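Colleague: Chains as they are written, first to last, in my numbering: chain A, 5 to 92; chain B, 5 to 92; chain C, 5 to 92; chain D, 5 to 92; chain E, 5 to 92.
FYI, nobody ran anything at the bench for these hints, they're computed from the structure. Keep in mind that a hint or two might mislead.
As the list makes no split between identical chains, a pair holds if one copy fits it or if it spans any two.
[Said to hold, decoys possible] Taking lysine-lysine and the DSBU-like style, the derived pairs with C-alpha atoms no more than 30 Å apart in a straight line are: (1) Lys71 to Lys37; (2) Lys27 to Lys37; (3) Lys71 to Lys27.
Values in this document were obtained by computation on a predicted structure and should not be read as measured data.
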Amino acid sequence: MIIGEVVGSVWATRKDERLNGLKLLVVKPTYAKDMSSSFVAADLASAGVGDTVLVTKGSSARSAFGKERIPIDSVIVGVVDSIDLAES
Amino acid sequence: MIIGEVVGSVWATRKDERLNGLKLLVVKPTYAKDMSSSFVAADLASAGVGDTVLVTKGSSARSAFGKERIPIDSVIVGVVDSIDLAES
Amino acid sequence: MIIGEVVGSVWATRKDERLNGLKLLVVKPTYAKDMSSSFVAADLASAGVGDTVLVTKGSSARSAFGKERIPIDSVIVGVVDSIDLAES
Amino acid sequence: MIIGEVVGSVWATRKDERLNGLKLLVVKPTYAKDMSSSFVAADLASAGVGDTVLVTKGSSARSAFGKERIPIDSVIVGVVDSIDLAES
Amino acid sequence: MIIGEVVGSVWATRKDERLNGLKLLVVKPTYAKDMSSSFVAADLASAGVGDTVLVTKGSSARSAFGKERIPIDSVIVGVVDSIDLAES
């Protein structure tokens with residue numbers, strides 16, 4: 005999974021109907037230097053802008069939904085309370 | 005999912021027959037610095053050159069189709085109306 | 005699989021309930037120059053901070069669990085005793 | 005999918021028997037700056053050195069085959085006739 | 005698939021039991037500039053240090069095994085005899 009910051013949201017009227025009702029958020033990986041690795045994730049953890057989140061990608065992202073055939077490849081599965089990093 | 009700009013289209017006469025009838029568009033990720041991460045996606049959202057689009061990748065891309073066995077790994081699933089980014 | 009060092013842990017109260025009870029560790033790939041490719045993996049090998057671990061990613065990570073529908077894309081499958089690298 | 009140039013071929017006598025009879029070509033992504041992102045793809049489009057090709061990756065690559073259990077993760081699914089890029 | 009050089013091996017006593025008996029080798033992609041993209045692959049082609057090998061990644065790597073539920077994401081599927089690259 006990836007740790008990222010929610011930095012924005014995306015609006016799309018014309019889209020695959022299975023995406024209807026999903027909140028689509030822009031996530032910037034926490035340890036990334038710039039926006040180049042940012043991506044969009046469907047929110048399943050009631051996250052919002054400014055939150056640090058845990059994101060699951062790939063086919064495992066679909067596992068978060070009750071139905072298998074949904075064209076989603078990134079899902080916010082948790083809101084991070086804290087990250088404890090060892091001294092290095 | 006990735007946010008990208010449609011920057012062109014690809015023509016291929018000799019191809020897997022399951023790709024027949026699909027519009028294949030060249031997508032440049034919006035936050036990429038150059039073309040090096042550009043790729044081709046099958047369009048399922050009536051997108052065109054100049055549009056900002058939402059792209060699903062990997063096995064989830066196949067989920068956008070009614071049939072499972074199609075050799076497609078990137079699909080345009082939406083046309084983006086707007087992106088709201090927080091001040092940083 | 006990736007060889008990485010466990011450099012920390014992540015706490016998230018609000019998360020997909022299928023992640024309950026799993027230890028979520030921050031892993032830095034051993035040969036990476038900085039934290040930018042670090043990620044979070046669920047621990048199935050009783051690993052801890054400072055350990056060198058073997059991580060499986062993608063849908064294969066789900067195979068480590070008894071149930072298929074779990075939104076996990078990275079799993080620690082082993083604790084590395086030693087790496088023998090040839091002279092180059 | 006990725007657009008790439010076929011820059012060579014690979015020979016391997018000792019290999020998984022399910023790869024027998026497949027043409028294995030070295031593909032350099034068209035927009036890559038150097039060989040570092042080059043990879044090997046199984047050819048299903050009668051491609052040859054010098055051709056610009058369309059490559060499908062991941063589990064979707066397996067979908068190009070009639071059988072599901074084949075250890076192939078990259079397949080050439082088309083030979084590109086032309087790429088129309090918009091002025092930028 | 006990726007072409008890589010086998011540069012070492014990994015030993016792990018404490019690991020998922022489905023990895024028991026598998027030879028785990030460190031592979032450095034042939035065209036990589038440094039070790040940062042190196043990874044570990046299970047050997048199914050009797051490869052050894054110094055060999056140039058063909059590696060399949062992702063869910064396709066699992067296809068190399070007789071059983072589907074094995075937490076492996078990279079497999080050596082062949083030993084390369086020669087690579088013919090076109091003049092460029």
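Colleague: Please go over all the hints and tell whether each is borne out by the structure.
Modeller: Hint check results:
no.: 1; hint: Lys71 to Lys37; verdict: neither (35 Å within a copy, 36 Å between copies)
no.: 2; hint: Lys27 to Lys37; verdict: both (25 Å within a copy, 27 Å between copies)
no.: 3; hint: Lys71 to Lys27; verdict: both (17 Å within a copy, 26 Å between copies)
Of the numbered hints given earlier, the model fails hint 1 alone.
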